[in-house]
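> Chain by chain, the residues:
Protein chains: 2
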Amino acid sequence: MTPKLHPRTGLDLRTLLDVAYEQARIGLDEGGIPIGAALFAADGTLLGAGHNRRIQDDDPSAHGETDAFRAAGRQRDYSSTIMVTTLSPCWYCSGLIRQFGIGTVVIGENRTFYGGEDWLHENGIEVIVLDDQRCVEMMSDYITTHPQVWNEDIGVADDADSAE
Amino acid sequence: MTPKLHPRTGLDLRTLLDVAYEQARIGLDEGGIPIGAALFAADGTLLGAGHNRRIQDDDPSAHGETDAFRAAGRQRDYSSTIMVTTLSPCWYCSGLIRQFGIGTVVIGENRTFYGGEDWLHENGIEVIVLDDQRCVEMMSDYITTHPQVWNEDIGVADDADSAE
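Just so you know, the protein sequences line up as chains A and B, in that order.
When you line the first sequence up against full-length UniProt numbering, it's residues 1 to 164, in that order.
When you line the second sequence up against full-length UniProt numbering, it's residues 1 to 164, in that order.
So here's chain A without its partners, still in its complex pose:
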């Protein structure tokens, strides 16, 4: 696949996405929701990577982006960093990106879920959508086979969800 270079840093965004995708696959192998993310410095250094841990850790606060942010530890300035995520960031993760002034968010796909990316763009954050087919298929498959867990993860209360 041809590289897609990031104008600000010259980094190949597809290579960065590979790290987030690998995290999502790890999550899937653990029995979890396959959403992964990674936070990079402007020079391409990986600061932290993570994935959704709702199922495997019983932790509803661990979305891909928040897990990667956590793994990166304390940072003094996020303005030049790049958050790469396999899926469009929900409001929770969009709020994280906005509050900490993360400069760029790179989104694997926004077909299966559309989060707060327009709001981020309006608030000065660079948003790049790669429309990656691997990410679309991974998430489509998961949502189809695990609709209740998926709804729980995005806070959609499902009245029909009487079964565990």
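Incorrect hints may appear among the rest.
[What the hints assert, rightly or not] Among the chain A residues that face chain B by a calculated CB cut under 10 Å, a handful are:
#	residue
1	100
2	116
3	152
None of these hints come from the bench; they were simulated from the model.
Every residue gets a Cβ at the ideal spot worked out from N, C-alpha and C, and that includes glycine.
Knowing the structure of chain A, use the given hints to seat chain B on it.
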């Protein structure tokens, strides 16, 4: 102090705030940033309580509200729950509240920091500000004595912050 009853549930909101305030004091005693929160069910059952853990756990993802949300574990429906926090929720925590459809947010004070509460109100979440003097004083004192840590916690990069 006279009770302040919540119209929807009849719960005394000052009593609920005491739980969040106690969490903030625990955080302060641990050497951390004094922001606490607690998530309650509509019948007043405490689902989870927590506090900011940036300093003590080196965890930038643990804000008061996210820590309380995490402590509450997986829930299927947040619409009737009440998030009580000592301080106006930042965008990160406001995003959490919106994404998971938490019905009500009760804010100890919004004088020392003003977060996403108007956005939450516009998006259908009940917002109640108690303007609690204990909370104002606790946070004012902390911001005055620890301006760099505070700026780090809200993602404000401080060029003058060369000292650790």
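> Taking 10 Å as the limit, does the beta-carbon of residue 100 (chain A) come near enough to a beta-carbon in chain B?
holds, 4 Å
> Hint check: is the beta carbon of residue 116 (chain A) less than 10 Å from a beta carbon of chain B?
holds, 7 Å
> Holds or violated: residue 152 (chain A) as interface residue toward chain B, Cβ cutoff 10 Å?
holds, 6 Å
This entry satisfies every hint, going by the numbered hints stated previously.
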